[in-house]
Amino acid sequence: MGKDKRITEWEEKELAKSLARSPERKEKFSNHGNEEIPRVSFPGNMDDKYLSDIGFPGRYPFTRGVQPTMYRGRLWTMRQYAGFSNAAETNNRFRYLLDQGTTGLSIAFDLPTQIGYDSDDPMSAGEVGKVGVAIDSLYDMEVLFKGIPLDKISTSMTINAPAAVLLAMYIALGEKQGVSSDKLQGTIQNDILKEYVARGTYIFPPKPSLRIITDIFQYCSRNLPSFNTISISGYHIREAGSTAVEEVAFTLANACTYVQAAIDAGLTVDSFAKRLAFFFNASSNILEEVAKFRAARRLWAKIMKNRFNAKEPSSQMMRFHTQTAGNTLTAQQVDNNIARVTIQALAAVLGGTQSLHTNSKDEALGLPTEDSVRTALRTQQVIAFESGAADTIDPLAGSYFIEDMTDKIERDVSLLMEEVEKNGGVIAAIEKGFIQGRIETSAYEYQKEIEKRERVIVGLNRFQSGESIKPPVLKIDPEVEDNQVKSLRQLKAKRENKKINEALSVLKDAASGSANLMEPILAVVREYATLGEICNVLREVFGEYRYRG
Amino acid sequence: MPGSGENMTVKKIKNRVLIAKPGLDGHDRGAKIIARALRDSEFEVIYTGIRQTPEEIASTAIQEDVAAIGLSSLSGAHLRLFPAVVAELKQRGAGDIMVLGGGIIPDDDIVALKEAGIDAIFTPGAPLAEIIEAFKEACDKFYGRKQTE
Chain W
1 MGKDKRITEW EEKELAKSLA RSPERKEKFS NHGNEEIPRV SFPGNMDDKY LSDIGFPGRY
61 PFTRGVQPTM YRGRLWTMRQ YAGFSNAAET NNRFRYLLDQ GTTGLSIAFD LPTQIGYDSD
121 DPMSAGEVGK VGVAIDSLYD MEVLFKGIPL DKISTSMTIN APAAVLLAMY IALGEKQGVS
181 SDKLQGTIQN DILKEYVARG TYIFPPKPSL RIITDIFQYC SRNLPSFNTI SISGYHIREA
241 GSTAVEEVAF TLANACTYVQ AAIDAGLTVD SFAKRLAFFF NASSNILEEV AKFRAARRLW
301 AKIMKNRFNA KEPSSQMMRF HTQTAGNTLT AQQVDNNIAR VTIQALAAVL GGTQSLHTNS
361 KDEALGLPTE DSVRTALRTQ QVIAFESGAA DTIDPLAGSY FIEDMTDKIE RDVSLLMEEV
421 EKNGGVIAAI EKGFIQGRIE TSAYEYQKEI EKRERVIVGL NRFQSGESIK PPVLKIDPEV
481 EDNQVKSLRQ LKAKRENKKI NEALSVLKDA ASGSANLMEP ILAVVREYAT LGEICNVLRE
541 VFGEYRYRG
Chain H
1 MPGSGENMTV KKIKNRVLIA KPGLDGHDRG AKIIARALRD SEFEVIYTGI RQTPEEIAST
61 AIQEDVAAIG LSSLSGAHLR LFPAVVAELK QRGAGDIMVL GGGIIPDDDI VALKEAGIDA
121 IFTPGAPLAE IIEAFKEACD KFYGRKQTE
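As you go down the protein sequences, you meet chains W and H in turn. Residues in the first sequence are numbered from 1 upward in steps of one, following this note's numbering. Residues in the second sequence are numbered from 1 upward in steps of one, following this note's numbering.
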């Protein structure tokens, strides 16, 4: 029996094109025994359902992955989220991670930065440098990236409400390094809708927030073609306690809201859709998680093609980052967390993620130490180089269980998305508390199962051992806040305030009108205006969002 | 027990508590679960929502006439913010309101927080039953003190 001609067709089209662009990591992938591992396995009989729902890697509906060679071509990006205290300390951790083989940077900002307050704002008291690095101005960005050339790395920034400002600082930093904006690679999270329901770092009301996001899409489509303009995130929705189905449904509903807003603002879908990225959680139920990733990819492709008329395959592809589930980590018997992270990371890889952060075992106790961060990275490297999971594509396809589960998740997600629509769409559903209510109920039910020991958490509600030794945790020196405030005041004293005030008033006019905000923000950032100064101007025009749940 | 004969004659004071999120941390899964669990245990619970200053929390607690406050912070700002709530209460003459706290809080910090007047601290994995019991005790203490005044 010869090869199915549909496989040959895929090999001659998608696969050949991909291999011509970049070859696979090895000439031959083999086991111990030198037997060749197939690139991808197919059913003996490819029926219509297989062809329409599962298909081929790198081809619509992308159930089997977004690239024709997946990890045989290039491994996922091992991207560890890091950042704490000041820019200089974080710069040290970045260089350490790069030395250890991490392949992309991911910046954690402190809460004042995420909510657009300067370090000396009364609202910032106690929070400066705690959950991430404090960035007040372009000056801090220069310190953060000292010795790290922006054209050699890709940088992911977990920043939402003030994403435009941090992106502008990154562009301005590139200018200083002599790297033009079209060479910049990375991602800004820029996903405000999930902040209203799960993570809480909103500043402005939904409408002006969507306008800023659309302005970023437009600016980047012209000036930063390799930058992911948004990372639409289910991660935090899941961390807040949602189920897997709710995670995907609310994320895709948010995604549709962004796409529609951009189309309504006059952008054509194929001009921005290929720069949309996603971010999911990988929890411990490995089979459900693998099915979740496959279902999310397939459903998004269908939505982009059928609802939004996206023509280019790259506009239909769901590319996503994954982080292992922080909420599953226990403070008891912390070493058990390494096992949890391994299972979760494997789920992400078997589900076809494009990049991955593995949590450190000590994150239920505090910020991770350098040692535990290294073990977390090593876990990814073991999966990549030892497990064989990266040698063949979508190996769980065709499992009766996985395919049934993939179909079921896709169906349930669609139904829940319809329910959001019936509630008037995402923004109305947020204002009614529908989305928050669903997440809270799921979180509470889960907790009750743990309390009743119907759900076993090893070391927590079963197999406890009275351990008393607590591992060391990383502490942030309380002087960090004082020093950051001091350095900010020094900067403010030596700037040219006249220029800054002029640039801020240009920004204010732009915000009051309908001009794209990126240029005026870039102009103030270059003058070393602070994040707080910029956000306060926008607060005056847009107002602040308050939710009383 | 609710509905038992004794309670028909003596009007029982309902335990009234405030759950609050000081600072900028938006992770309120824990706070909301505690609020719900307390409600299911017959407490009257007010939840402030996220991003409250210590001043706001103290003044809400007094306005709402609560016996105890449960503070939640996962951002590492507890050493600054929890004692600030206690100080604000004292300043307003409401130092008798009990203050409990929870979050990702290292052991060393627990000692410091107790010295600063936080009555109990709970860390990840603490059973709900234990937390509810602590709120009951806090309320008993508060209402007991009120009666002897």
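No lab work stands behind these hints, which were simulated from the structure alone. There's no promise every hint is true.
Claimed, not checked - One-sided and incomplete, this derived list gives chain H residues near chain W with beta-carbon spacing under 10 Å:
(1) VAL45
(2) HIS78
(3) LEU81
(4) ARG92
(5) GLY93
(6) ALA94
What the hints assert, rightly or not - Sample of chain H residues lacking proximity to chain W, with all beta carbon distances greater than 12 Å (derived):
(7) ARG36
(8) ASP65
(9) PHE82
(10) THR123
(11) GLY144
Please read these numbers as outputs of a predicted model, since none were measured by experiment. Don't be surprised by glycine CBs; every beta carbon is placed ideally from N, CA and C.
Now the hints, each set against the structure:
About 13 Å separates the beta-carbon of VAL45 (chain H) from the nearest beta-carbon of chain W, more than 10 Å, and the hint is not met. With 10 Å as the threshold, the beta carbon of HIS78 (chain H) comes within range of chain W, its nearest partner Cβ sitting at about 8 Å, so the hint holds. Checking LEU81 (chain H) against chain W by beta carbon gives a least distance of about 5 Å; that is within 10 Å, so the hint holds. Hint status for ARG92 (chain H): violated, given a least beta-carbon distance of 19 Å to chain W, over 10 Å.
Evaluation of the GLY93 (chain H) hint against chain W yields a violated restraint, the C-beta minimum of about 24 Å exceeding 10 Å. The criterion of a C-beta within 10 Å of any C-beta in chain W is not met by ALA94 (chain H), whose closest approach is roughly 21 Å, and the hint is violated. Non-interface status of ARG36 (chain H) relative to chain W is broken: a Cβ of that chain comes within 12 Å, the nearest being about 5 Å off. No beta-carbon of chain W is positioned within 12 Å of the beta-carbon of ASP65 (chain H); the least distance is around 19 Å.
With a least beta-carbon separation of about 10 Å from chain W, PHE82 (chain H) fails to lie farther than 12 Å from that chain, contradicting its non-interface assignment. The non-interface label for THR123 (chain H) is inconsistent with chain W: the shortest C-beta to C-beta separation is roughly 6 Å, within 12 Å. With a cut of 12 Å on Cβ distances, GLY144 (chain H) stays outside the contact zone with chain W, its closest approach being about 28 Å.
Hint violations for this structure: numbers 1, 4, 5, 6, 7, 9 and 10, all remaining hints satisfied.
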